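Put chain B on the given structure of chain A with help from the hints.
Protein chains: 2
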Amino acid sequence: MASNSDEIGPRSATTIEHWDHEADVVVAGFGVAGAAAAVGAAQEGANVLVLERTGGWGGAAAMAGGFVYLGGGTPLQKACGFDDTVDAMKAFMTAALGPGVDEEKIDAYCEGSVDHYHWLADDCGVPFKESFWGEPGWEPPGDDGLQYTGGENAAPFNATIPPAPRGHVPQMQDKHVSAEKGGGYMLMKPLTDKAAELGVRSLYDMRVQRLVTDEAGVVVGVVAKRYGTEVTVRARRGVVLATGSFAYNDTMVRSFAPRLVGRPAASIEEHDGRAIRMAQALGADLAHMDATEVAFFCDPQLFIRGILVNGRGQRYINEDTYPGRVGQATLIENHNEAFLIIDEVAYEEGMSRPTATQQLRHQPRWVAETVEELEAEIGLPAGSLQATVELYNRHAAEGTDPLFGKKPEWVRPIGSPIAAIDLRGMTGGFTLGGLRTSVNSEVLHVSGDPIPGLFAAGRCTSGVCAGGYASGASLGDGSFFGRRAGRAAAAC
Amino acid sequence: MASNSDEIGPRSATTIEHWDHEADVVVAGFGVAGAAAAVGAAQEGANVLVLERTGGWGGAAAMAGGFVYLGGGTPLQKACGFDDTVDAMKAFMTAALGPGVDEEKIDAYCEGSVDHYHWLADDCGVPFKESFWGEPGWEPPGDDGLQYTGGENAAPFNATIPPAPRGHVPQMQDKHVSAEKGGGYMLMKPLTDKAAELGVRSLYDMRVQRLVTDEAGVVVGVVAKRYGTEVTVRARRGVVLATGSFAYNDTMVRSFAPRLVGRPAASIEEHDGRAIRMAQALGADLAHMDATEVAFFCDPQLFIRGILVNGRGQRYINEDTYPGRVGQATLIENHNEAFLIIDEVAYEEGMSRPTATQQLRHQPRWVAETVEELEAEIGLPAGSLQATVELYNRHAAEGTDPLFGKKPEWVRPIGSPIAAIDLRGMTGGFTLGGLRTSVNSEVLHVSGDPIPGLFAAGRCTSGVCAGGYASGASLGDGSFFGRRAGRAAAAC
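Chains as they are written, first to last, in the numbering used here: chain A, 1 to 492; chain B, 1001 to 1492.
Just to be clear, a hint being listed does not mean it is correct.
To be verified - Computed list of chain A residues with no C-beta within reach of chain B, every gap over 12 Å:
1. Met-63
2. Gly-100
3. Asp-193
4. Arg-201
5. Glu-369
6. Pro-408
What the hints assert, rightly or not - Residues from chain B that face chain A, not an exhaustive set, calculated with beta carbons under 8 Å:
7. Glu-1044
8. Pro-1258
9. His-1288
Derived by calculation from the structure, the hints in this document are not laboratory data.
Keep in mind that this is a model prediction, so the values were computed, not measured.
For each residue, glycine too, the CB sits at the ideal point set by N, CA and C.
Chain A on its own, in the form it takes in the complex (with noise of 0.2 Å):
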């Protein structure tokens, strides 16, 4: 192999004289799922050290909204009133998070689902506040600790599936004096003392560059680069990589999952792919590399109460929807145009209420006494806005929706002053594809077989979310399959 392989591709133990660090188990990446797996670990009985790219614990999880997606009839869904079953949330997850999800591990996801809660919650301290917050919105824009995170309640799931509100959110403290006491942080914190009370250690600006192999292919340990210098590090049961997604590699990205090209979102530039290279680089299958979360920018306050037109004038999706579904709608099937038509009354209501992302609330770039004026400022084509509008009217004047099933209570007819606020290009996201793995986090070689000693967890793997998201599923797997990669590393 020539130099670049000689980098990324294993290295033999044999060539190591010396191990700078050992433990039992070696987790990469001190994330969601990084954390979990070192807490599972430990558990368990292992000796476990966390390698650390940054100079701290948290990953893109400390800074993110912080939702974990569980349910089957969590204390906190009983708390708030509503009732879930293991069966409801499998149907969801599976037509939701699809097409092509990986079944047994939804069936795992969903059956533990109630355990991992009280394991996050009762086990790691994370704070759940029992209070659901209803409205429109990413999060909640106080300290609630339960909402809608997934179109759950809309249109098409809630015709088939009983709905229940699955995102789970840490307890927030002091949201708007410090974005470092958000959700995430509030879900990082607890576990990283978790860990450090387990006796956890964690090296820091620890950057894993290659795996190390035994003569008979098993992953031993790794080899990693601090300040410039070569570090190895013996892992005597076995090493879990959780070191994030692709989103920051211009290369994968563009190979995978092209249409993210230049608009990486709630991701952090250390989500390099580095370790779903690695981990290739030893025959590790992958799976749904071109699958994204898409983030939709625009307070779902705003448009919910208006309509969401395309490039053409056409709506495309019901606007009560989980805005992650919008996001990927626009992006994906709408050529990442959309505007979304209100009128001044729906726009004033919208602009009333609470909401956690006052900086989604953009300003009207068009207003117009009728449709016909709006369309022709926009620029969409003749009479297209019109047969929209007029459309929607129609049927919005009995409080129906029949084209995309929103909800009676979001549907009433557009008026005039109307306005137009330009939302195209506003998307982005972070990847969903990664190495393949079991349902115990192991690492599957493309033979279908586990790669001794490697297991995986979080935004590396490809974890429940196979094309579709719901807000929660991404530190809900990581944390849910990390606690099981270190589990499963521990028994080695």
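Same frame as chain A, now just chain B:
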């Protein structure tokens, strides 16, 4: 590694005591890419052996329509009176086959296209008849040699990129007598004849199972199975993988291109992705695994004369574009739901025109006097189809289609009686993603470096198509980069 890995992972040359066969260049697969590789290698003076899994040459190519996507001013284009340039070809392929095309590959392909035409026609004797088929259709009904096969002369491309037809189809013989003498057969017969003339040897019923590597990691042969017996084949210079797509590997399709689950088309059962897996086991990289060709099972002579609407009664594409673009838009952007709305006069006119795809001339499922009645019969939301037809007719009366830019010659108000053809679920296709290769068809390791001794071409690789497709692009890049694979392997 466990047993499965042993069966697909590389085998060490040191464990092989006896080579059953030996050649300079060993080619796996005798479809278009394999045949082109064999000829390319033999023309460089290499001793070549082709291992084919079935009982004869041909692969999926021999059963295909036979288009080869060529341009930049080929003799056939000139003879038919069309101007084309390398720049126009590059611009079109970049726009239509993306997002995320491999720019180096597009450049090489376009710059080498006229030379490739000469190689096919002059060196190998592939017959191209100097005549152009200009009517709507998947392929010419007769033996014409040139056709638009990518939507070059339709919106949105024709507004900015000078259009030229680039679908070059080998002259068919007795097309209506024997499917085996179609365009694909007339591509493969000369190529394989040429291979035989150059002394290329071929062995059939040989299933390539594993790659063989030496101690430095160089690929030096393959292990195959013939009627269950292991056969070892040494490659003195290089191995070329050319065994086709993964459209018939359910696990891979579900993991990478789940919308295609249950609907493989224009591919053969041997397309099981094994070559991709064998190379991945060496650390080979992948690209664009979600990309798929999508056929739309309706005769373009019909649907160009009406309007296509989705499950909400909305138009979604200009009906005069390449039918494969219609297929992609239907499957990926419109939930695989389509209805053709067409009046009696247009339907009868379409049915009276020549077609190569008589079997795709579906009968209307619903017929009515008014759009309102038709809409109700189909079960579309009240007013939805009426709004769509009214808007279309309003502009059609002036010969325009401002929503999608359908050309004036195909824009005509829809009258009465009016019918709808049910085209829900009428798509199928094959996978376009695969191994990442260089412009010289070297299989690239995840490090970015070539894997020494290993080459690949055709649908086990990611070629010129990142997401979009044009008929002829697959046989086109299969033959173009197949030839390059053979030449590069011969030069090792």
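### Task
Under 8 Å, Cβ to Cβ, is where Glu-1044(B) needs to be relative to chain A, so tell me if that hint holds or is violated.
This hint is violated: Glu-1044(B) lies away from chain A, its Cβ roughly 24 Å from the closest one there, beyond 8 Å.
### Message
Please check whether His-1288(B) passes as an interface residue: C-beta within 8 Å of a C-beta belonging to chain A.
### Response
holds (6 Å)
### Query
Is Gly-100(A) truly not at the interface, in the sense that its beta carbon sits beyond 12 Å from all beta carbons of chain B?
violated (3 Å)
### Query
Met-63(A): least C-beta distance to chain B exceeds 12 Å?
holds (28 Å)
### Task
Mind checking the CB of Pro-1258(B) against every CB in chain A and telling me if the closest is under 8 Å?
holds (3 Å)
### Message
Confirm or reject: Pro-408(A) is not an interface residue toward chain B, with every Cβ-Cβ distance exceeding 12 Å.
### Response
holds (15 Å)
### Query
Per the stated criterion, does the least C-beta distance between Glu-369(A) and chain B lie above 12 Å, as a non-interface residue requires?
holds (22 Å)
### Query
Asp-193(A): least C-beta distance to chain B exceeds 12 Å?
holds (36 Å)
### Query
So is Arg-201(A) really clear of chain B, every C-beta pair being over 12 Å apart?
holds (30 Å)
When the structure is compared with the earlier hints, violations turn up for hints 2, 7 and for no others.
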